[in-house]
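A.B. asks: Based on the provided sequences and hints, a complete structural model is requested.
Line by line, the protein sequences are chains A and B. Residue numbering for the first sequence is 1 to 249, as defined by the numbering used here. Residue numbering for the second sequence is 1001 to 1411, as defined by the numbering used here.
Quick caveat, the hints were computed from the structure, so don't treat them as lab data. Keep in mind the model is a prediction, meaning the values are calculated, not measured. Mixed in with the good hints there might be a few duds.
Pairwise CB distance ranges, derived in the manner of DEER restraints [said to hold, decoys possible]:
(1) B:Arg1070 - A:Ile241: 39 to 45 Å
(2) B:Gln1233 - A:Val56: 34 to 40 Å
(3) B:Glu1126 - A:Asp101: 24 to 30 Å
(4) B:Val1285 - A:Leu111: 57 to 63 Å
(5) B:Val1366 - A:Asp101: 40 to 46 Å
(6) B:Lys1063 - A:Lys201: 50 to 56 Å
(7) B:Lys1063 - A:Ile241: 45 to 51 Å
(8) B:Thr1347 - A:Lys190: 51 to 57 Å
(9) B:Val1366 - A:Leu218: 37 to 43 Å
(10) A:Pro79 - B:Glu1126: 26 to 32 Å
(11) B:Met1267 - A:Glu29: 54 to 60 Å
(12) A:Lys160 - B:Glu1260: 34 to 40 Å
(13) B:Met1267 - A:Asp69: 54 to 60 Å
(14) A:Ala186 - B:Ile1350: 40 to 46 Å
In silico lysine to aspartate or glutamate, EDC-like type, Cα no more than 20 Å apart, as pairs [to be verified]:
(15) B:Lys1089 - B:Asp1099
(16) B:Lys1118 - A:Glu123
(17) B:Lys1171 - A:Glu99
(18) B:Lys1185 - A:Glu100
(19) B:Lys1216 - A:Glu227
(20) A:Lys160 - A:Glu183
Even glycine gets a Cβ: it sits at the ideal position worked out from N, Cα and C.
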Amino acid sequence: MKRCLILLAIVLAAPCIVPAPLSALTGEEILARMDVNKVFTTISYTAKMQIAQGSVVRTKTMKAKATSDGKAIVEFTNPEDKGIKYLKIDKNLWIYYPEEDDTIPISGHLLKEGMMGSDVSYEDALEEDALAEAYTIQVSPEDASFEGKPCYLVILNAKKDTAPYQTRKIWVDKVSFVGWKAEMYAKSGKLLKESVVLEVKRIGNADFATKVRMTNALVPNRYTVFEMSEVVLNPKLDPSIFSKRFLSR
Amino acid sequence: MYFIKLALRNIFRNRRRSLLAVLSVLLALFLMSFMEGFLNGMLGSFTTNATKTDSGHVQITTKEFQDRLRFMPVDANITDPVAVVEALKNDPVVGPRIDLTAMRLKFGTLLEYNGRNKTALGIGGEPETEKKLLMLDRAIIRGKYISGAREIVIGENLAEDLGIEVGAVLKIVSATAEGSTNMRKLTVAGIFRSGIDSLDSGVFQMTLEDAQALLKTGGGVQQIMVMLKDYKQSEQTALDILKILGNPDLTALPWTESNEMFGFLSMAEAMFISIYFFIAILGTVIIVNIMMMVVLERRREIGIMKALGVSRREILGIFTAEGLILGIFGSLAGVFLGLAVTAVVATTGIDLGESLKGMNFPMTNVIYPAVSAMGLVKVFVIGVLTAGIISILPARRAARMNAVAAIKSAL
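C.D. replies: The structure is reproduced here in structure tokens:
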């Protein structure tokens, strides 16, 4: 879908540069066009995450700051999770819990868990940095579209068993290069998750997917809607905020 | 009744052949009585552990919790468990039946220590009550049992996997009732070895208050376990508790319904009956074989008896009595041998060790066979009846033999 976004935004929001018309792009080239790295060096935003489980909908709010070279810090601001922070440096993730004033690295089994109870796993967030490494990329020769918009259908197949999904399909807008829709499949061919971009906003010179819904295909009525706001591109960020030491401040 | 005398005389006349028959019955009956003791011990351990570690005799939860039981949800709790327990204890019908009640939280969690992490099952309960249920205080091999807040006891294998010892501070991460995650740092007070592999390899216990704080349940618990003085009253008591609760969101289930292991228990019993049946058939085949051999070997004798005027009925009686007597001797010896071996093994136990590793059974790795008088009587009666009934087949063959043909065929 894209590379190196910011935790949830990394997975859920798909910004892109409006491109010049191109033809016969390879899968790698299409994914590269979606790459957010090219539109900012730093970013800050606030976000709201609505996690629906049947009739219960929980809302979480957060502030996030990130750099285009794979560093991000997210601080939750909703009352239940106030002060909990996520720190991402390249492929490493830590969670800071203010009540214990301590961090825990996210690794092993925890990678499969949903972030803050959402349908986005930590693995999803980390994997986005290295799609080309983990998957073979093909573009479907058949015409594809999303809600009437012509799309490239990019199909990613896992190179190794360790990839979280066997297959990913991404519907990428042929004009705006927004990854409108993505489907994630298990080895058995069963659909596991689906993400759909609900809203795109022009920020700077890029179209940002600012509202995305991730649906858990295995559990009925279970989905997460992630919505970004107050997006600021290239703000001045103190590099020291992306450190474990800074978490307890 | 002279044919009983004749049968006895025949038995003692060919002692080697009779001994062989007795030994065959003995072997079958020994296996059956030992199996009876072994499975009694196994199922007994299983039932006790399943109710104490998992369901209680009656389990009170929310209906939502039952619906999502597989996921051990931490957000479907009884909001005021203390009031529920008080109401049960004060009830004139249910109160006197209760032995003890326990409030519990059970949750999947991730333990982290010095960069190592492992998933585990956390059990939050009141330490003093859990001394009578989980009884992990008796299984402590290093350190001590939980004496207060911020302390845990952890299974030996789990501790080994994490590389921790007594005094280590673990980070425990879990999903909360509010739908987020939380972390709590707790100190390892003790390390236990219960003998139940699923406990030793994947379980730790903490105080109920710590579990409630970690999971942010606001004083709620997932289940209230009710242990009864007489577990046979569990079904009626569950119905009575439902009336007392008077809350459509709550449910009370007897252990036969709430404990997943009850199905396994029934299956194990069915398996036991099948094995029993198989051994009984094996013994039967041996007895039939030997009795057939006896009949064929004694064709001449049968012919002469018939020529002397012994009736079919009398011959049938002699051979049936012979089989029955051999059956009684064999069954008695088999049951006594089974009793003796079971009694010896009951003191040492049978260590199933490796074979139970990785299995999520609430059963100790060491099985202590338990013999019951009724069980032994049952095995003995089955042995004697089988031998007696089965002897009729060769006895009938003997009775139907033609005197002249029998004498001729034996020449």
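A.B. asks: Hint by hint, note whether the structure agrees.
C.D. replies: Here is how each hint holds up against the structure:
1. Judged by the Cβ atoms, the range 39 to 45 Å given for arginine 1070 of chain B and isoleucine 241 of chain A holds: they are separated by roughly 41 Å.
2. Checked against the hint of 34 to 40 Å, the C-beta distance between glutamine 1233 of chain B and valine 56 of chain A comes to roughly 37 Å, which is consistent with it.
3. At roughly 28 Å, the beta carbons of glutamate 1126 of chain B and aspartate 101 of chain A sit within the given window of 24 to 30 Å.
4. Between valine 1285 of chain B and leucine 111 of chain A the beta carbon distance is about 59 Å. The supplied range of 57 to 63 Å therefore holds.
5. Separation of valine 1366 of chain B from aspartate 101 of chain A is about 44 Å and conforms to the stated range, judged on CB atoms against 40 to 46 Å.
6. Hint check: lysine 1063 of chain B to lysine 201 of chain A, Cβ distance near 44 Å, so the stated range 50 to 56 Å is violated.
7. Remark: the range hint 45 to 51 Å for lysine 1063 of chain B to isoleucine 241 of chain A is upheld by a beta-carbon distance near 47 Å.
8. Between threonine 1347 of chain B and lysine 190 of chain A the beta carbon distance is about 53 Å. The supplied range of 51 to 57 Å therefore holds.
9. The hint said 37 to 43 Å for the Cβ distance between valine 1366 of chain B and leucine 218 of chain A, and at roughly 41 Å that hint holds.
10. Distance hint check for proline 79 of chain A and glutamate 1126 of chain B: the Cβ-Cβ separation is about 30 Å, which falls inside the suggested range of 26 to 32 Å.
11. Between methionine 1267 of chain B and glutamate 29 of chain A the C-beta distance comes to about 59 Å, which sits within the given range of 54 to 60 Å.
12. Remark: the range hint 34 to 40 Å for lysine 160 of chain A to glutamate 1260 of chain B is upheld by a beta-carbon distance near 36 Å.
13. Look at methionine 1267 of chain B against aspartate 69 of chain A: about 58 Å separates their beta carbons, and that is inside 54 to 60 Å.
14. For alanine 186 of chain A paired with isoleucine 1350 of chain B, a C-beta distance near 42 Å keeps the hint of 40 to 46 Å intact.
15. Restraint check: the Cα-Cα separation between lysine 1089 of chain B and aspartate 1099 of chain B comes to about 10 Å, which is no more than 20 Å; the hinted pair holds.
16. Of the supplied pair hints, the one linking lysine 1118 of chain B and glutamate 123 of chain A holds, its CA atoms being roughly 17 Å apart against a limit of 20 Å.
17. Restraint check for lysine 1171 of chain B and glutamate 99 of chain A: satisfied, since their Cα atoms lie roughly 12 Å apart, inside the 20 Å limit.
18. Proposed proximity of lysine 1185 of chain B and glutamate 100 of chain A is supported: the alpha carbons are some 7 Å apart, at most 20 Å.
19. Among the hinted pairs, lysine 1216 of chain B with glutamate 227 of chain A is inconsistent with the structure: their alpha-carbon atoms are about 26 Å apart, more than 20 Å.
20. Proposed proximity of lysine 160 of chain A and glutamate 183 of chain A is supported: the alpha carbons are some 18 Å apart, at most 20 Å.
In this structure, the hints that do not hold are numbers 6 and 19, in rising order.
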